[in-house]
Amino acid sequence: MSSDPKLERIAKGNALALCATGTWTASFAPVLERMVADAEKLAGSPQSIFIDVSEVAKLDTFGAWLIERLRRSLTHGAVEAQIAGLSANYSSLVDEVRRVRATPVVETSTVTITGMLEQIGRAVAGVGGTVAGLIDMLGAVLAVGFRVLIHPRSFRLTSTVHHMEQVCWRAVPIIVLITFLIGCIIAQQGIFHFRRFGADIFVVDMLGVLVLREIGVLLVAIMVAGRSGSAYTAELGSMKMREEIDALRTMGFDPIEVLVLPRMLALVLALPILAFLGAMAALYGGGLVAWLYGGVDPEAFLLRLRDAISIDHFIVGIVKAPVMAAVIGIVACVEGLAVQGSAESLGQHTTASVVKGIFFVIVMDGVFAIFFASIGM
Amino acid sequence: MAKEAQSEIQNPIIRVRDITVQFGATRVLDGLNLDVKRGEILGFVGPSGAGKSVLTRTIIGLVPKVAGSIEVFGVDLDSSNTSQRRNVERRWGVLFQQGALFSSLTVRQNIQFPMREYLRVSQRLMDEITMAKLTMVGLKPEVAERFPSELSGGMIKRVALARALSLDPDLVFLDEPTSGLDPIGAGDFDELVRTLQRTLGLTVFMVTHDLDSLYTACDRIAVLGNGKIIAAGSIADMQASQHPWLRQYFHGKRARAVMG
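Residue numbers (the working numbering), protein chains in the order written: chain A, 1 to 377; chain B, 1001 to 1260.
Don't take every hint at face value.
[What the hints assert, rightly or not] Derived pair list, reagent style BS3-like, types lysine-lysine, alpha-carbon separation capped at 30 Å:
#, chain 1, residue 1, chain 2, residue 2
1, A, Lys6, A, Lys41
2, B, Lys1228, A, Lys58
3, A, Lys58, A, Lys6
4, B, Lys1037, B, Lys1228
5, A, Lys58, A, Lys41
6, B, Lys1037, A, Lys58
Hints were generated in silico from the structure; no laboratory data involved.
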């Protein structure tokens, strides 16, 4: 049924006649295009131009368009190229194609140096907007929080508990596992280096202070930003894409109250719990390594730990947790609500949520370090 | 070769035999048989939840079936190898209920996506064909550089149809093409499907709820109920049928309004 397409020139005195044969369909498009391009060069200045298509076995939009393209480029001045021998089957297709205006497509996105500089400039200028957006969301959440305090019945307990389960309970295994391993590594490295000075036992001091003040909470916050911050952004973002958030608004619900507050609250409650569990797991892991690898038996470890750390260290660590949780939650919700219509946008904002979340967590940690140092804790 | 071609013209383009589809314990399609003839527009109706979309998705291969066989273009989709299947997939186009346009690509890129994958043609030809397809589905060339989220519901349907038609398929599946369109837009769409079927020689498999579409666009109607085809035939056959659901459907208040 399908035969190779051909386009042949038939000399007819003063007229230019082209005869198209074979299958003019999409699968032959590259061949057809080349043939048509060759034929276009034949122009000259004949009295009349015909394209005979009576021998064409099969025609689709691609073929019809290429014949139309040929017809247009051969038409010059008053001499219009004619299509001859069109079968009734295909005449409507050719008519349809004839209505097409071939507007050249303007490629807009070209990479230039000025364009790149412009993008950098815009990104820097956008930082201010980002911070303003975060403060805006913080204000909105606090306002809704106070409103809920005054009208406790509008508080969404079920939703909060659901998110607690997702963010806290289900995160326990992975958080405990990773902090346990980190505790092991810190202890092993500490013993390895302290042994040279005969100061093996000081590894307990290092482990205790480091885990309770910094590593425990910081590591857990970073993991939560990756695990739950991204989930929040993706959830809110896809709800935004499907106009679910607009639907809530039109029903008279405040999306902050229904969606953001329960998530924020769950995160603020979850992070201290996870940070505590993480710190305990790290201490346990460190103690285990100190015993098995460093020969510090558990009794000596615990005695030393009691001397090395005070409740202050624990408070310094755990106080940071809810603040970091709030930062992660706000960043995640702002990014989620900023998602536009496309899947690409969802991906960008989820990435941004995790990156910004981790960045702000570390910044907050630095601010806390300065603060605690200056009040002598 | 010629004999094969001959048989392809006479045989139905889609032949569905004893299809059974089950989700858990619920049997959605139960030993269903259906033929779609070459060049016709088949309207496919049935109550909500009867499994119209499931049948469409089963034929396309998105839903696994428990039993039965499906032949499209004379190729049994279960026993076919990958290249045969690719070949079949190249010859059909699907319009999903929600359009299913790629949200991170522009309209132009959406329509060119199948061409880019399956054909080796120049960018110029792809751009021109894209314009031709947009004109065919009644959209302005300016739409080409917009993203799907910047289009109205009716425009999304049209762009999705243009994408379904981008490789000049022989067969198109339309899943509720006129749902969510205003009556004038829906009427235009029916007209469009008719025109395209005439100009391109398409076979159209259309799932619909729209009585107007059935009257104006479809050559034949198949009705799904209890997991089987309960009736198939022309609109006159449907009106003459004594089946209770059909009677309600074609003689209800809305049907009378359509018939005038």
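**Prompt:** Honestly, which of those hints from before does the structure not fit?
**Reply:** 2
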